[in-house]
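Going down the list, the sequences are from chains A and B.
Just so we're aligned: the first sequence equals residues 1 to 632 in our numbering.
Just so we're aligned: the second sequence equals residues 1 to 299 in our numbering.
Fair warning: there could be bad hints in the mix.
Covered, in the sense of this in silico footprint (three residues per stretch, anywhere, with C-beta under 8 Å from a C-beta of chain B), are these stretches of chain A [said to hold, decoys possible]: (1) 57-70; (2) 80-93; (3) 139-150; (4) 156-164; (5) 625-631.
These are calculated hints, taken from the structure and not from any lab test.
Each residue gets a CB set at the ideal place from its N, CA and C atoms; glycine is no exception.
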Amino acid sequence: MILEHPIPPFFEWIGRAALNWALAVVAVAALTTVVSYVFLMLRNGSKQGFKIFRSGIVEAFKDVKLFSWRRCGAMALLAIRESIRKKVVVICVVFMILLMFAGWFLDPGSKDPARLCASFVYQATTYLVLLLALFLSSLSLPADFKTKTIYTIVTKPVRSSEIVLGRILGIGAIGTGVLLIMAVCSYFFVSNTLRHTHVLNVGEDIVRLYEDDEIASLPPDTVVASGQTRFSNGHRHQVEEYADGSLRVFEENKHSHSITKEVEDKVVRYRIGEARGAMQAKSPLYGKIKFRNADGFEGAHGVNVGEEWAYRSYIAGATDEAMIWTFENITPEAFPEGLPVEMTISVFRTHVGNIEKPIMGALYVRNPVTGLTAETQTFDSEKYTTKALFVNRKIEKSMVEPKPRLIKKLNDKESFQAPSADLPQKDQYDLYEDFVVDGKIEIWLQCLDSQQYFGAAGPDLYLRAADANVFFNFVKGYLGVWQQMMILIAFGVLFSAFLSGPVAMAATFGMLIAGFCKTLFLDVAHLQSLGGGPIESFNRLITHENMMVDLPNTFQTHLAKAFDVVASGFLSVIGLVVPSFSDFNYYADCVANGYNIPLNSICVHLVTTLAYVAPLFIAGYVILRNREVAKQ
Amino acid sequence: MANESDVIVETKNLTKTYRDFWGRQKVRALKALDLEIHRGEIFGLLGPNGSGKTTTIKLLLGLLFPTSGEVNILGRPASDVEKNEHIGYLPEESYLYRFLNAEETLDFYGRLFNIPSAIRRQRVARLIEMVGLESSKKRQLREYSKGMTRRIGLAQALINDPDLILLDEPTSGLDPIGTRNMKDMILRLKEQGKTIIMSSHLLGDVQDVCDRVGILYQGELKELGRVEDLLKVVEETEFRVSGLSDEAKKKIEQIVKDDKAELVFSGNPTTSLEDLFHNIISQSEERPGFRVRGGDVAK
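Bound conformation, chain B alone (with noise of 0.2 Å):
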C-alpha cells in the first residue's frame, strides 16, 4: 500500500454541475468524487459515454472549474499554472495547430516549458523517433492521418518529461496495431516511474495496462480497487492444462462431483479477438503466403 506522501493527484468531495447562460442547472456531471492517485501506477478511469470521465480529467486541469469540492493534483491547487511544469495532457482528439508540422509542433510547446533551445531540439528529435514520424516530421498536421495525428499528440504530451500523464482516450481512433503500441507506451512510461491517469471506455484497453481503476457512471464513482482484485471470481477455480487425456478429464468430473462441486465449464479456451489479431498480423509478416480459413488459423 502507498503511503500519503505518495498521493500525487487527490479529489475531496469534487462537484461538477453544468448550468445554462441563465444560471439554471443543466447537468450534474460529477457527484462527489473521492479520489487518491499514487505516484507510479496507472489508474484508469472507465465508464461509458457522458459517465464523467473526461469531465473528471477536466477539473484536474483546471480546464473547468469545480462547483464544490477540492483537487490537489502534485501538492497544488488545479487552478496552480505552474502545476502544469509537470504534466503532460493528450486530449480525446488531438488538439493540435493543423498548420504546423510535427517538429514545429513540438518546438511550441517545448517553448511553453522554457526547454532551452539545445535540450528542445534533442528531445524533439527523440520524440518524433519514439512514436515513429521521422518520415513524416516536416509534413502539416493536417496532412496526417488519425493514428498518426494520435502519435505526436502523446509526444506533445511528453516534451517536458512529465511526472503525471493525463490520457483522455488514449486508443481512440487507432487500429489494433496503433491501440497495442499505444499500450506498449504507456507501459514503458510506468517503467520510467510517470503516473498515468488514462480515461476509457474500452475495457480492453484498461484491463491490459491499469493497475487501479475506478469506475463511474452517471457521474457517480461505482467501483475504485485493483484490477486483478475487482475481476477476481473469488467463488470459482480455474485450470489450465495442455495435453490432458479424455481419460484424465473423466477423472477430474468425477472428482468435482465426488467434492460435490459444480462444473461450470469444460472445454477449449479462447484467446481474446485483440490476441488473436495480433496472432495473424504478426504471422504474416513472418509467412507472405498465410491465409485464414473459417476461423482457423492455416498451418
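This is chain A alone, in the form it adopts within the complex (with noise of 0.2 Å):
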C-alpha cells in the first residue's frame, strides 16, 4: 500500500488545519457581506440598502437563535419519506445484481483475490452511492420549486437553515442507509468469493517420502510427506508433512489453510480447512523514519537515485548507508513475544546482474541511548514486495555490536555520540531491557548487495500490532464513501438552493470531477502540466503543437500565456475549494490491502468532512434566506 501523502497525527493537524479552516471561511464570508452590503446599496439606495442589510443581518442573528432541530428533524424525515416513497431502494436491488454477476469478470486467479474483491465492491458501492446522492441533493429542493410545495413550507415558521440542514440529514441519512446495506451485502460477497477449499489425497496430490518405521529417527523438521492440493479458485498449495507430525500448507495467493491428518485403520486423510488469511486487518504501528549516510550524518533524506519518484529516499548498498526507523510505545503487553516487522521496500538496481537473485539486505535493532545494535536478520527483497520479519525477544551475544551514531552538528563541526563502554555483556539479551528505553527502539535498515540501493518511505516498515476484526474494519472502509456522499450532498443542495435542477446537477458532478482529478486541476492551476496552462493547451490543440516543444514567439503565444497566468490564479483559488474525492479511497485501499484503518485517520478525514458540510450548508442557508422563493 503506497500512501504518498501520509495522514499527519490528528492533534498535529488539527491545530493548523483548523487555522487554515477558519481564515478562509472568514475571508469568505467577509468579502460575502461585503459584495452583498455594495449590491443591496447600489440596488435599493443608501438609506434603504442599509435598512435591508441590517434586517438581514438581525434576521440571521434570530435564525441561529431560535433554529429548532424537531423542525430540522422534520424537514429530515420529509426528505426519507420522499426518497423511500420514490423507490431511490431500487438501487440497492441493482447493486445486488451486479454482486450476483460480478463472478463472471472477477478473476478468481487472482495472485490477490480479496484486495480484487474489496476493491470491486468498494467501486461498485461508491459510484452507485455517489450517483444517488447526486440526484437527490440536486433535485429535491428545485422539485420543492418547480412544484411549488415550497410555498406551503416558508410560510411555516421555518427558518431556511433548518430547511437546508434537513435536506442534507436527511439525504445522508437515506445515503448512509443505502450504504449500510451495500456494505453488508458486500461483505458476504467478498467472503463467500474468497472461501474455498482444497482437495488432497494421499497417493495422487501428496506423497509419502520415508515409511512410518523411519521417520522417529528423523530430524524434526524432515519433510516426509509433500505435494500439491489439487486446483481450486485458480491455484493450488504446496503442501508438507515433518516428522515431528507437524503439517504446513504453504500461502497461495495471499492466502492458507488449515489441515488436519486423520488416520482410520491405517488409512491416512487429510482435509483441508477454509481460507484463512484472505482478509486481514492489519494495524501497523509506524515509525518516524530518517536516513544515515556513510559518513554517519543522520537527515530527513537519503540518496536520489534520479527521476524517480521523490516520495521514497534510497541508501547505497555495501556502506554504512542506513534507513533508520524511531518507533515509540514499545511495551512487552503490546508485543510480548518480540516485534513482527512488515515492510515493502523498493529496489533500484544500477546493473541488472543477475535480474532473478535479490538483493540482500539487514535489519538491525538499536538501543537508541546506548547504541548498542544486533543484527537480527538478513532479508532477500523484490521491488515493492512485502517482507515479514521477527525480532524475537530474546538475541544472543554473537548478533550484537555498539554503534556510533550522529548526535548534534554545531558550529559544522559533527561530533558523534560513541557507545558506553559499559555496554552489559551477556550471553542472551532481551529485547526489552537492552534495547527499549522509555518504549523507544530503533530499527536500522542496510542494503548489502554493492551498487544496489533499497529505498523507502515512513510507512513502508512498520511493526505489526494485534489485528483488528475484520468484518468492522470493513465497515469501516464505506466511511470514506460514506464521507465522500456527505460532502457530495451538501454541495447538491446547495446548488439547489439557486438553481434549476438539470443545472444543480450538472455543477454538483462538475464538482465531483474536479475533486477526483483534484490533482490534475492543481497541476494545470499552477501551470505545472505539460503543454502549458488551459489557453496554452488548447492553442496547441488546435493548432497541433506537440507539448514537449516551446511555441513560436509570437503575440498569439504571449495572449494564451497571459491568459493563463490570470485563469492560474482563478483555478488556484478554485482548486483549494474543491475537495479531493481521491483521498477518500485512502479507506478501501486500507481494507483491499489488509490494513485495519486507524482511527487517526477516521478523526482527520471526519473533521475534513464536516469542515466541507458546515460552510456548505452556510452557504446554502444564506442563499436560500435571500432568495424570492415565488418568483418566476
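Each of the two chains sits in its own frame; use the hints to bring them together as a complex.
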C-alpha cells in the first residue's frame, strides 16, 4: 500500500488545519458581506439598502438563536419519506444484481483475490451511492420549487437553515442506510467469493517420502510427505508434512488453509480447511524515518537516485548508509514475543546483474541511547514485495555490536556519541531490557549488495500489532464512501438552493469530477502540466503543436500565456475549495490491502468532511434565505 | 369602525415590479398598495386574472420581496419568520407533497409548528374529520381528486389554529357543493374569531362571505369598502312582496307615476344559479324521483 502523503497525527494536524479553515471561512464571509452590502446599496439606494442589510443581519442572528432541531428533523424525515416513496432503494437491488454477476468478470485466479473483490465492491458502491447522492441532493429542492410545495413550507415558521440542513441530513440518512445495506451485502459477497477449500488425496496429490518406521529417527523438521492440493479458485497450494507430525499448507494468493490429518484403519486422510488470512485487518505501528549517510550523518532524506518518484529516499548498498525508523510506545504488553516487522522496500538496481537474484539486506535493532545494536535478520528483497520478519525477544550475543551515532551538529563540526563503554556483556540479551528505552527503539535497514540501492518512505516499514476485527474494518472502509457522499450531498443541496434541477446536478457533477481529478486540476492551475496552462494547451490542440516543444514567439503565444497566468490564480482558488474526493479512497485501499483503518485517519477525514459540509450548509442557508421563493 | 390596534395587516405604498435576468423591468404587478385589514373580518381581494391579487398575498407572506413600500403583518415585517406561527395559508393550487397521505401531510406540517405529538395527533384527527377525509386519510395525495386536495390543503392551513388565514382562490377547481362547503367553512372560521383574507375572481364567492373587499385592476387598488355599501344602489328602491294581486300591482304603478318616479323593473324575481343548483341537489336527495323540465322545478 502506497501512501504518498501520510496522514499526520490528528492532534498535530488539527491546530493548523482549523486555523487555515477559519481564515478561509472568515475571508469568504467577509467578502460575501461586503459584496452583498454594495449590491444592496446600488440596487435600493443607501438608506433602503442599509435597512435591508441590517434587517438581514438581525434575521440571521435570530435564525441561529431560534433554530429548531425538531423542525429540522421534520424536514429530514420528509426527505427520507420522499426518497423511500420514490423507490430509491432500487439502487440496492441494482447493486445486488451487480454482485450476482460479478463472478463472471472477477478473475478467481488473481494473485490477491481479497484485494480484487474488495476494490470491486468499494468502487461499485462508491459509484452507485455517489450517483444516488447526486440525484437526490440536486433535484430535491428544485422539485419543491417547481411544484411550489416550497410555498407551504416557507409560510410555516421554518427557517431556511432548517430546510437546508434538513435536506442534507435526510438525504444523508437515506444514503447511509443504502450504504449499510451495501456494506453488509458486500462483506458476504467478498467472504463467499474467497471461501474455498482444496482436495488433497494421499498417493495422488501428496507423496510420502519415508516409511512410518523411518520417521521416528529423522530430525523433527525433515519433510516426510510433500505434494500439492487440487486446483480450486484458480490456484493450488504446496503442502508438507514434517517428521515431528506437523503439517504446513504454503501460502498462495495471499492466503493459506488449516490442515488436519486423520488415520483410520491405517488409511491416511488429509482435510484442508477453509481459506484463512485472505482478508486481514493488520494494525501497523508506524515509526519516524531518517537516513544515515556513509559518513554517519543523519538527515530526513537519503540518496536521490534520479528521475524517480520523490516519495521514497534511497541508501546505497555495501556502505554504512542506513534507513532508521524510531518507534515509540513499544511495550512487552503490546509485543510479548518480540517485534513483528513488515516492510515493502523499493529496490533500485544500478546494474541488472542476475535479475532473478534478489538484493540482500540486513535488519538491526538498536538501543537509541546506548547504541547497542543487534543484527537480527538478513533478508532478500524484490521491488515492492512485502516481507514479514520477526525480531525475537531473546537476542544471542553473537548478533550484538555497538554502533556510533551522530547526535548533534555544532558550528559545522559534527560530534558523535560513542557507544557506552559499559555496554552489558551477556550471553543472551533481552529486547526490552537492553534495546528499548522509555518505549523507544530504533530499527535500522541496510542494503548489503554493492552498487544497488534500497528505498523507503516512513510507512514502508512498520511493526504489526494485533490485528483488528475484519468485519468491522470492512464496514469502516465504507466511511470513506460515506464521507464523499456527505460532501457531495452538501454541494448538491447548496447548488439546488439557487439553480434549477438539471443545472444544479451538472454543477454538482462538475464538482465531483474536479474533486476526483484535484491533482491534475492543481497541476493545470499552477501551470505545472505539460503543454502549459489551459489556454496554451487549447492553443496547442487547435494548432496541433506537440506539448513538449516551445510555441513560436508570437503575439498569440504571449496572449495565451498571459491569460493562463490570470486563469491560474482563479483555478488555484477553485482548486483549494474543491475537496479531494480521491483522498477518501484511502479507506478502501486500507481494507483492500489488508490494513486496519486507523482511528487517526478516521478523525482527520471526519473533521475534513465536517469542514466542507458546515460552510456549504451555511452558504446554502444564506442563499435560500435571500431567495424570492415565489419569483417566476 | 375597528380601532387601530385591531389592524393586523397593513401595507404602505406596497409596490412590486418583476424584473428579468438583466434587471430590466418586466411587469409592474402591484402599484403603491395601501391597505388595512382588521381583526375578525373576512377581506376579499377581487380582480380579474393578472390584477395583482396573488402577488399581494405572496408579498404579505414573504414569498416575494417588495420592490418598495412596507408590509406589516401581525405587527411584524413580512420577512419575519416568527409571524408564520399565527398564519395559515392555502395557496391557489394545493401545493402539497403527493407522496404523503392526508395524515402524514398534516403531521408533517404540525411538526413544523413544533406542536407536541399528543396535541398534534388530536388536531390531525379533528381536521381530517372537519374536511371529511376520514375514509381516505391513508391514501397518498396523488390519488386524490382536486376537491379532496383542496380540502386537505385547507386542513394544513389550519393545523396551527392560526389567527390569520390567507386563502388564494379558495374555491378554485371545486364543484358547487365543494364551493358551498368551503364558503360555509370560511364563515365558521370567522365565527371562531379568525381573520381571513381571500382572493378570488369569482364575484359570487366574495359577495357571499366577505365583510370588506378591495378591487384590484392592473396592480392598482380601484375600490375598497364594505360589500353591502359597495353594492348598494342608492337611487333605487326594492320591495319584495309575495301574493300581490294584479289590482294591487296597478295601484303601485299608479303611485309611482303620481310620485313622478320611474318604474325600472316589475316582474317575478329570479334566484341565483347557485341557489337554483343547491335547491335541485337538496330536493334530489330528499325526493329520489325528482326531475327538472324546461327550467321549471317539477312539483
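| Are there three or more residues in the segment 625-631 of chain A whose C-beta lies within less than 8 Å of some C-beta in chain B? | holds (count 4)
| Claimed coverage, the segment 156-164 of chain A by chain B - three or more beta carbons nearer than 8 Å | holds (count 4)
| request: State whether the coverage of the segment 57-70 of chain A by chain B holds or is violated, taking the criterion as 3 or more residues with Cβ-Cβ distances under 8 Å. | output: holds (count 6)
| task | Given that the segment 139-150 of chain A was listed as covered by chain B, double-check it with a C-beta distance under 8 Å for 3 or more residues. | result | holds (count 4)
| Count the residues of the segment 80-93 of chain A with a beta-carbon closer than 8 Å to any beta-carbon of chain B: does the count reach three? | holds (count 4)
Violation of the numbered hints given earlier is absent; every hint is satisfied by the structure.
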